[in-house]
Amino acid sequence: METIISTALQESIKELYNEDISIDKSYIQRTRKDIEGDFTVVIFPFLKIAKKSPDAAATEIGESLSSKLACHYQVIKGFINLSFADIQWLQFLNKNWKNDQFGYWPQKNRAPILIEYSSPNTNKPLHLGHIRNNLLGSSISRILKACGEQTICVNLVNDRGIHICKSMLAWQKFGNGETPETSNLKGDHLVGKYYVIFDQEYKKQIKILVEQGISEKEAGKKAPILLEAQEMLRRWEEGDRDIISLWKKMNEWVYQGFEITYQELGIHFDKTYYESETYLLGKQLVEEGLHQGAFYRKEDGSVWVNLNDEGMDEKLLLRQDGTSVYMTQDLGTASLRFDEFHPEKMIYVVGNEQNYHFDVLKIILSKKLKKSFGNHIHHLSYGMVELPSGKMKSREGTVVDADNLMEEMIVAARRNTQELGKTDFSNEEAECLYRMIGLGALKYFILKVDPKKNMLFNPEESIDLNGNTAPFIQYTYARIRSLLRKADKEGLSIPLAAPTELTIPKMEKELIKLLYDFPQIIENAGTTYSPAVIANYMFDLAKAFNRFYQETPIFKETSLELKIFRLQISHFISIVLRNGMALLGIDLPEKM
RNA sequence: GGUUCCGUAGCUCAAUGGAUAGAGCAACUGCCUUCUAAGCAGUAGGUUGAUGGUUCGAUCCCAUCCGGAAUCACCA
760 METIISTALQ ESIKELYNED ISIDKSYIQR TRKDIEGDFT VVIFPFLKIA
810 KKSPDAAATE IGESLSSKLA CHYQVIKGFI NLSFADIQWL QFLNKNWKND
860 QFGYWPQKNR APILIEYSSP NTNKPLHLGH IRNNLLGSSI SRILKACGEQ
910 TICVNLVNDR GIHICKSMLA WQKFGNGETP ETSNLKGDHL VGKYYVIFDQ
960 EYKKQIKILV EQGISEKEAG KKAPILLEAQ EMLRRWEEGD RDIISLWKKM
1010 NEWVYQGFEI TYQELGIHFD KTYYESETYL LGKQLVEEGL HQGAFYRKED
1060 GSVWVNLNDE GMDEKLLLRQ DGTSVYMTQD LGTASLRFDE FHPEKMIYVV
1110 GNEQNYHFDV LKIILSKKLK KSFGNHIHHL SYGMVELPSG KMKSREGTVV
1160 DADNLMEEMI VAARRNTQEL GKTDFSNEEA ECLYRMIGLG ALKYFILKVD
1210 PKKNMLFNPE ESIDLNGNTA PFIQYTYARI RSLLRKADKE GLSIPLAAPT
1260 ELTIPKMEKE LIKLLYDFPQ IIENAGTTYS PAVIANYMFD LAKAFNRFYQ
1310 ETPIFKETSL ELKIFRLQIS HFISIVLRNG MALLGIDLPE KM
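Numbering follows the working numbering, with no gaps: position 111 of the first sequence is 870.
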């Protein structure tokens, strides 16, 4: 409809003022809900052309538009509010109310969009920060699919390096052969436990050294256990068989643990890269850059790029011993992926602490190496998750563990449901419901915040299940499903004959208009990479339905036509709630 | 110190440069002889960090200042 209005507006301006203008999207918007009308045209931008007072111009344009579009208009303070006939809204309803795919756009014929997220280290379990990353990544990939894009989800597991060696060493020294089975710990938690033990031992040794009169900085470098870990890394790189096999064993434990967490969160990947397989990549690109003169070698043999002309510093690309750094690897993996998939875009879901890194990465690829795919990289930078107590610090034990958190949410859901006296479920149904509610609440709590922004995670609030939460929306859905079951019993099941002529009551009109927005909302969420757009819309829709539900008893309605009409809308809303929540990875219950 | 991001109700968050800045939580007042009260209706709560500028119009764009965060490693 917006496009129709837009075209009409363009014609009107041409006829009235003989000017060709391009219609900016912002000139046409939905009418505020406290004002009569469906769409609003802002006329201020045309005043210069019209050379008239706002009201005079608005009336003139409104008159012209209403005759073109067969709609009513009303001018208030320089805004033209257009109202379309009920029949047009009924047509929209009748065309779409049974469409299970409503809101999802048809498949575009384009190169895929590659999206990397999660990217964990293998020395400790996932925490709250990873949860935000994973939820954002998976949700955005679903949103892009709903926008008609083809997506490829990839994970880049950081399975090598000094951190995993620390866990390995501590396990060797203090583990007594402990395994996930013997300790009854999830593999990632077990490995994480030894990472902590390493750190404790390391600190102990530093303290001793300091007591012997060595400076703290020096002690930090010379603690024997650290030297041992470094030695272990060296041996890993040489391919030492014992080290490699220990490394494989412990990583395997971690993967089994991650798998459980991913499954619980509803995360999956089309492809997983391991850093142990990619960390040597990129050197070739650096050589290439050296040849082109884009990079330079210092006397000690290390390779650098000078980004002064971009307002940045010099950046190291190869160490003096010729080994690669993070940037080298990222240059390599970007190149690898581009060759592999020729994607339209490569999206990296990575925290905003790495903004600088990605700026540099893009500049090196596009400006220095003249690789076109440098411009295809998009760093989807999200804000940190903070706790009421401040920042999460793994060494201080203030991290919120992902597995524990999910479990607590489910427990809270159980407690809440039972307190409300909702016990009309089989055990199996009940457990399934608690999971749905607990995990839904968690996902929604995190996804409803604009990704760019830092967010505060208050455990008590996140467990709250009232107000702007997933359970509120789930509850709304369950209410509708209950309505529809009742309709079924009364012989009013789905292939209803839909009314084609009807005066639409105010509240129903509002609902239809909200439903009408859904495809645009998805598109908007896709272009801004923001699940929060979907979440906020879901809440608005659920709230509007609940108001309607509370004030409008459907089955007491004597007019069969109206009754059916309201059931249609309810059914339609249930579809939109389901399709929208699916994009957030949240399931909805039939009963709750 | 350089660069970047962020400051909106007591708290958590909304608001493609548009009309009277909105929700939820917390507080207070009502509504279950019931299509599910995890709900609905209402009250109260704001100099959108500050000051200038651009504009018909600024929470949004620009400048300066104040406050907070991130980053500036031969870490990842």
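Hints are computed from structural coordinates only; laboratory data are not their basis.
One or more of the hints may lead you astray.
Now the in silico label distances, taken between C-beta atoms and shown as ranges [what the hints assert, rightly or not]:
hint: 1; residue 1: 1015; residue 2: 1065; range: 26 to 32 Å
hint: 2; residue 1: 1188; residue 2: 1082; range: 51 to 57 Å
hint: 3; residue 1: 931; residue 2: 1084; range: 25 to 31 Å
hint: 4; residue 1: 1180; residue 2: 837; range: 50 to 56 Å
Keeping only pairs whose Cα atoms sit at most 25 Å apart, straight-line, the calculated DSS-like set for lysine-lysine is [stated by the list, open to error]:
hint: 5; residue 1: 1322; residue 2: 1265
hint: 6; residue 1: 1248; residue 2: 1272
hint: 7; residue 1: 1212; residue 2: 1150
hint: 8; residue 1: 1121; residue 2: 1074
hint: 9; residue 1: 1245; residue 2: 1315
hint: 10; residue 1: 1245; residue 2: 1207
hint: 11; residue 1: 980; residue 2: 1152
hint: 12; residue 1: 811; residue 2: 792
hint: 13; residue 1: 1207; residue 2: 1302
hint: 14; residue 1: 962; residue 2: 932
hint: 15; residue 1: 784; residue 2: 857
hint: 16; residue 1: 1042; residue 2: 1008
hint: 17; residue 1: 1245; residue 2: 1322
hint: 18; residue 1: 867; residue 2: 952
hint: 19; residue 1: 932; residue 2: 867
hint: 20; residue 1: 1057; residue 2: 1121
hint: 21; residue 1: 1074; residue 2: 1130
hint: 22; residue 1: 1057; residue 2: 1150
hint: 23; residue 1: 1130; residue 2: 1030
hint: 24; residue 1: 1150; residue 2: 867
hint: 25; residue 1: 1207; residue 2: 1265
hint: 26; residue 1: 932; residue 2: 1007
hint: 27; residue 1: 827; residue 2: 1272
hint: 28; residue 1: 1302; residue 2: 1315
hint: 29; residue 1: 784; residue 2: 1268
hint: 30; residue 1: 1074; residue 2: 1126
hint: 31; residue 1: 945; residue 2: 966
hint: 32; residue 1: 962; residue 2: 976
Ideal placement from N, C-alpha and C gives every residue a C-beta, glycine not left out.
Comparing the hints with the structure gives:
Between residue 1015 and residue 1065 the beta carbons are some 45 Å apart, a value that contradicts the proposed interval 26 to 32 Å. The given range of 51 to 57 Å is respected by residue 1188 and residue 1082, whose C-beta atoms sit roughly 56 Å from each other. Residue 931 and residue 1084 have their C-beta atoms about 28 Å apart, which keeps the hinted 25 to 31 Å range intact. At about 54 Å, the beta-carbon gap between residue 1180 and residue 837 stays in the expected band of 50 to 56 Å.
With a C-alpha separation of about 15 Å, the suggested pair residue 1322 and residue 1265 falls inside the 25 Å cut-off, and the hint holds. With a C-alpha separation of about 29 Å, the suggested pair residue 1248 and residue 1272 falls outside the 25 Å cut-off, and the hint is violated. Between residue 1212 and residue 1150 the CA atoms are separated by roughly 15 Å; this keeps the pair inside 25 Å, and the hint holds. The suggested pairing of residue 1121 with residue 1074 holds, with an alpha-carbon distance near 13 Å, which does not exceed 25 Å.
Straight-line distance between C-alpha atoms of residue 1245 and residue 1315 comes to about 13 Å, which keeps the hinted pair within the 25 Å bound. Between the alpha carbons of residue 1245 and residue 1207 the distance comes to roughly 33 Å, so the proposed pair goes past 25 Å and is violated. About 22 Å separates the Cα atoms of residue 980 and residue 1152, which keeps this hinted pair within 25 Å; it holds. The straight-line distance between the Cα atoms of residue 811 and residue 792 is roughly 28 Å, outside the 25 Å bound, and the hint therefore fails.
Only pairs whose Cα atoms come within 25 Å are accepted, and residue 1207 paired with residue 1302 is accepted, the gap being roughly 15 Å. Our distance criterion of 25 Å between C-alpha atoms is met by residue 962 and residue 932, whose separation comes to about 16 Å. In summary, the hint linking residue 784 to residue 857 is not supported, as the alpha carbons are separated by about 30 Å, beyond the 25 Å threshold. Between the alpha carbons of residue 1042 and residue 1008 the distance comes to roughly 29 Å, so the proposed pair goes past 25 Å and is violated.
Restraint check for residue 1245 and residue 1322: satisfied, since their Cα atoms lie roughly 12 Å apart, inside the 25 Å limit. Distance restraint check for residue 867 and residue 952: the Cα-Cα separation of roughly 47 Å exceeds the 25 Å cut-off, and the hinted pair is therefore not satisfied. With a C-alpha separation of about 56 Å, the suggested pairing of residue 932 with residue 867 is violated against the 25 Å cut-off. With a CA separation close to 23 Å, the supplied pair residue 1057 and residue 1121 stays within the 25 Å bound.
Among the hinted pairs, residue 1074 with residue 1130 is consistent with the structure: their alpha-carbon atoms are about 18 Å apart, no more than 25 Å. Taken as a hint, the residue 1057 and residue 1150 pair is broken in the structure, with Cα atoms around 39 Å apart against an allowance of 25 Å. This hinted pair checks out: residue 1130 and residue 1030 have alpha carbons roughly 24 Å apart, not beyond 25 Å. In summary, the hint linking residue 1150 to residue 867 is not supported, as the alpha carbons are separated by about 42 Å, beyond the 25 Å threshold.
Between residue 1207 and residue 1265 the CA atoms are separated by roughly 29 Å; this puts the pair beyond 25 Å, and the hint is violated. For the given pair, residue 932 sits about 18 Å from residue 1007 by alpha-carbon distance, which is consistent with the 25 Å threshold. Distance restraint check for residue 827 and residue 1272: the Cα-Cα separation of roughly 21 Å lies within the 25 Å cut-off, and the hinted pair is therefore satisfied. Distance check on the hinted pair: residue 1302 and residue 1315 sit about 22 Å apart at the alpha-carbon level, within 25 Å; holds.
A threshold of 25 Å between alpha carbons decides the hint, and for residue 784 with residue 1268 the separation of about 23 Å falls inside it, so the pair holds. For the given pair, residue 1074 sits about 14 Å from residue 1126 by alpha-carbon distance, which is consistent with the 25 Å threshold. A distance of roughly 32 Å separates the Cα atoms of residue 945 and residue 966; the hinted pair therefore is violated under the 25 Å criterion. A distance of roughly 12 Å separates the Cα atoms of residue 962 and residue 976; the hinted pair therefore holds under the 25 Å criterion.
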